[in-house]
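Chemist: From just these sequences and the hints, can you work out the full model?
Residues per chain, in single letters:
2 protein chains.
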Amino acid sequence: MSPSRDSLVDALSMKGGTGEHSYATNSHYQRNVFYEIQPVVIENVREMLVEVSFPGCIKVADLGCSSGQNTFLAMSEIINTIIQSYQQKGENLPEMDCCLNDLPESDFNTTFNLVPSFLEKLKMEVKGRCFVSGVPNSFYSRLFPSKSLHFVHSSFSIHWLSKIPDGLENNTRSIHIKDPSPPNVFKSYLNQFKNDFSLFLKMRSEEMVPNGHMVLTFVGRKVSDPLYQDCFQVWSLLSDCLLDLVSEGVVKESDIESFNMPFYNPNEEDVREVILKEGSFEISKIETFDHIVPYKIKCIKEEKEEDQSLQMEVGKRQASWARCITEPLLVAHFGDAIIEPVFNKYAHYMAKYLCVSNHRPNMTLIIVVSLTRT
Amino acid sequence: MSPSRDSLVDALSMKGGTGEHSYATNSHYQRNVFYEIQPVVIENVREMLVEVSFPGCIKVADLGCSSGQNTFLAMSEIINTIIQSYQQKGENLPEMDCCLNDLPESDFNTTFNLVPSFLEKLKMEVKGRCFVSGVPNSFYSRLFPSKSLHFVHSSFSIHWLSKIPDGLENNTRSIHIKDPSPPNVFKSYLNQFKNDFSLFLKMRSEEMVPNGHMVLTFVGRKVSDPLYQDCFQVWSLLSDCLLDLVSEGVVKESDIESFNMPFYNPNEEDVREVILKEGSFEISKIETFDHIVPYKIKCIKEEKEEDQSLQMEVGKRQASWARCITEPLLVAHFGDAIIEPVFNKYAHYMAKYLCVSNHRPNMTLIIVVSLTRT
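Residue numbers (the numbering used here), protein chains in the order written: chain A, 1 to 374; chain B, 1001 to 1374.
In case anyone wonders, no lab produced these hints; they're calculated from the structure. Nothing here was measured: the structure is a model prediction, and the numbers come from that model. Where hints are given, some of them may not hold.
So, partial list: chain B residues that the calculated Cβ filter (under 7 Å) puts toward chain A [what the hints assert, rightly or not]:
no.: 1; residue: Cys1057
no.: 2; residue: Glu1095
no.: 3; residue: Asp1097
no.: 4; residue: Pro1104
no.: 5; residue: Phe1108
no.: 6; residue: Asn1109
no.: 7; residue: Phe1112
no.: 8; residue: Asn1113
no.: 9; residue: Val1115
no.: 10; residue: Pro1116
no.: 11; residue: Ser1133
no.: 12; residue: Gly1134
no.: 13; residue: Pro1136
no.: 14; residue: Pro1145
Once the Cα atoms are required to be at most 25 Å apart in a straight line, the calculated DSS-like pairs of lysine-lysine come out as [unchecked claim]:
no.: 15; chain 1: B; residue 1: Lys1121; chain 2: A; residue 2: Lys163
no.: 16; chain 1: A; residue 1: Lys202; chain 2: A; residue 2: Lys285
no.: 17; chain 1: B; residue 1: Lys1123; chain 2: A; residue 2: Lys202
no.: 18; chain 1: B; residue 1: Lys1277; chain 2: B; residue 2: Lys1147
no.: 19; chain 1: A; residue 1: Lys123; chain 2: B; residue 2: Lys1163
no.: 20; chain 1: A; residue 1: Lys121; chain 2: B; residue 2: Lys1163
no.: 21; chain 1: A; residue 1: Lys277; chain 2: A; residue 2: Lys147
no.: 22; chain 1: A; residue 1: Lys123; chain 2: B; residue 2: Lys1147
no.: 23; chain 1: A; residue 1: Lys163; chain 2: B; residue 2: Lys1123
no.: 24; chain 1: A; residue 1: Lys345; chain 2: A; residue 2: Lys178
no.: 25; chain 1: A; residue 1: Lys147; chain 2: B; residue 2: Lys1147
no.: 26; chain 1: A; residue 1: Lys89; chain 2: A; residue 2: Lys123
no.: 27; chain 1: A; residue 1: Lys123; chain 2: B; residue 2: Lys1202
no.: 28; chain 1: B; residue 1: Lys1178; chain 2: B; residue 2: Lys1252
no.: 29; chain 1: A; residue 1: Lys147; chain 2: B; residue 2: Lys1123
For each residue, glycine too, the CB sits at the ideal point set by N, CA and C.
Modeler: Here it is as structure tokens:
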């Protein structure tokens, strides 16, 4: 096990297929967030249609599309908005080129099996005019020819870093930023995010036409101090589960010492700073959504606050969610034998956490950034 | 079992993955044919580079790419030819957009896992300039925006029809054209081929730029009479194996009565006629390669004509080849329980056939058509 840092990130993909533990089955949360930010996407598509001149074909990309039905949520909305806009103006529909991107290890087969029904839903009138392709590469590299993209969407992706940050050797008791962490840990994560996000913007700036629009949705945090009440509780709980397995002798201590999540949830200031410094895009708007985080379920408070079995049920559901976004990565580093025990523990910790979480503020939020290529 | 004719063709894909029976493992034959026709592809790419004016990005498509290493054979050759041509002229390299197409059910995951090494091989100098995408749809429909493609390649694909021809209800004792066949059978197959190939050309004509080039390689036959010595022996043998299973009670008679291969191997005249009638392309050249067909192995004649165990070995190899190109289709119609018995029988029949085949002429050949979009 314990492959190199680079090969670890090669394994960074959501759990494929359509089985019990797959991303396709467990990504309700991401779907719900999309429904909340949908008006932002629609507004940006409409603005783009006004500001951009077309060569006859509108090219749209969804970056970090993962697999399953969610993949087509944003793309459907974007395409429908384009169709409606053209129909309202009484103009002939343009051709539309829909590009779905994710890392080569992602499960494109599951996504591609849904393409016929996606095209079917676009109805007869669009027949032969909407083309779908998959682009298997990291969005921290060039994905498309120069000046070819009109609209870019990315949801729940750019909080994933291109690699595990350098200089985390002393972050031995945690897989992320967690109170207490050695002081350099936050700095390493922040630097990696700044470099990665800046590179992401540079690559897109080369690929997008002038006045092209981009909407990015990702997990952020409310405060500048990333140690404030463990700003991404999912990783703190996962750290605790792995440390338990170390003390039980199931996981080697050296394995957890060398493992860190390639993830950073920036605050609004981090995001704004990188965009301004990179300079290719104008910020139309940065919005934040204080969305129900997956480990804080309303129904518990509203219906049966004391019901432990319900809390356990929700704990299990949250464990499934954490599992579908981390399993390939954990398997690549620790092997597959740890997956069941880790997420059994995770469900229990989460159930306990739910007892107290209603009295704690939610430290994460969803950040939605609307950008225009200048 | 026995799904409708349309859903049957939905299952038309080569066997995915990289296992023992996969297309990736068993497609040496297709690879060898490519090496033989490689000069034709290179010549056509060079001609295209002379005749076409570029907007900065050259877009190339491989249609019916299947999965595994073979997928990148033609694409590598095409891209390398472009690079060399530009380097010889001392000009800056253009961007290159490589599109890999197959049906949505194909195993794109196996192909996409090979994309990083494909890009790696293109060396540092091309870094960031070559983009790879997968296009999951039938090539009997539009796949790409209008006038976007510069070069199209398709190998071992367009002998596969878009559907099982209509009117084959009386073709009860065979899964294809086989002596004896009811007289309408050949006509049904020929009509379906003409319609499909014509549609293929029409779709490509809309997608390609003026003077764009296309090279199509497929299985053809030498004679006009398709009954002459069972012009595609692979299906005759497969018919015999399935009929054996009917007589053994393993396969229902009605299942074989309703099953026909969506395959047609045209002769040169069929091909020429459709291209001329469709009218969008000029034939630069039609070449035929009387290639070693997979069921006729030189080594048997040369080394040990009498060695039955060697013949059985070759029989098994040919059964693996026939299996990797038909398994998903057979499973969709007959269920997966028949696969092992069918191909065990197939290996035995093939071994027997090899004893006599050296005294029979080879009735199939590879047809390579070079076309220019007028």
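Chemist: Taking the hints in turn, state whether each one holds.
Modeler: Hint by hint, here is what the structure shows:
1. Cys1057: Constraint on Cys1057/B satisfied, holds at 4 Å.
2. Glu1095: holds, 5 Å
3. Asp1097: holds, 6 Å
4. Pro1104: holds, 5 Å
5. Phe1108: holds, 5 Å
6. Asn1109: Cβ of Asn1109/B sits 5 Å from chain A, so the hint holds.
7. Phe1112: Hint on Phe1112/B: holds, closest Cβ of chain A at ~4 Å, below 7 Å.
8. Asn1113: holds, 6 Å
9. Val1115: This interface hint holds because 5 Å falls under the 7 Å limit.
10. Pro1116: holds, 6 Å
11. Ser1133: Interface hint status for Ser1133/B: holds (4 Å vs cutoff 7 Å).
12. Gly1134: holds, 4 Å
13. Pro1136: holds, 4 Å
14. Pro1145: holds, 4 Å
15. Lys1121/B <-> Lys163/A: Holds, at roughly 22 Å.
16. Lys202/A <-> Lys285/A: Distance ~19 Å between Lys202/A and Lys285/A Cα, so the pair holds.
17. Lys1123/B <-> Lys202/A: The given pair, whose Cα atoms are some 22 Å apart, holds under the 25 Å limit.
18. Lys1277/B <-> Lys1147/B: OK: Lys1277/B and Lys1147/B at ~21 Å, within 25 Å.
19. Lys123/A <-> Lys1163/B: With Cα atoms ~22 Å apart, Lys123/A and Lys1163/B stay inside 25 Å; holds.
20. Lys121/A <-> Lys1163/B: holds, 22 Å
21. Lys277/A <-> Lys147/A: holds, 21 Å
22. Lys123/A <-> Lys1147/B: holds, 24 Å
23. Lys163/A <-> Lys1123/B: holds, 22 Å
24. Lys345/A <-> Lys178/A: holds, 19 Å
25. Lys147/A <-> Lys1147/B: holds, 17 Å
26. Lys89/A <-> Lys123/A: Distance ~19 Å between Lys89/A and Lys123/A Cα, so the pair holds.
27. Lys123/A <-> Lys1202/B: Satisfied, since the Cα-Cα distance of roughly 22 Å is no more than 25 Å.
28. Lys1178/B <-> Lys1252/B: Measuring from Cα to Cα gives roughly 20 Å; hence the hint holds.
29. Lys147/A <-> Lys1123/B: Given pair Lys147/A, Lys1123/B holds - Cα atoms ~24 Å apart, limit 25 Å.
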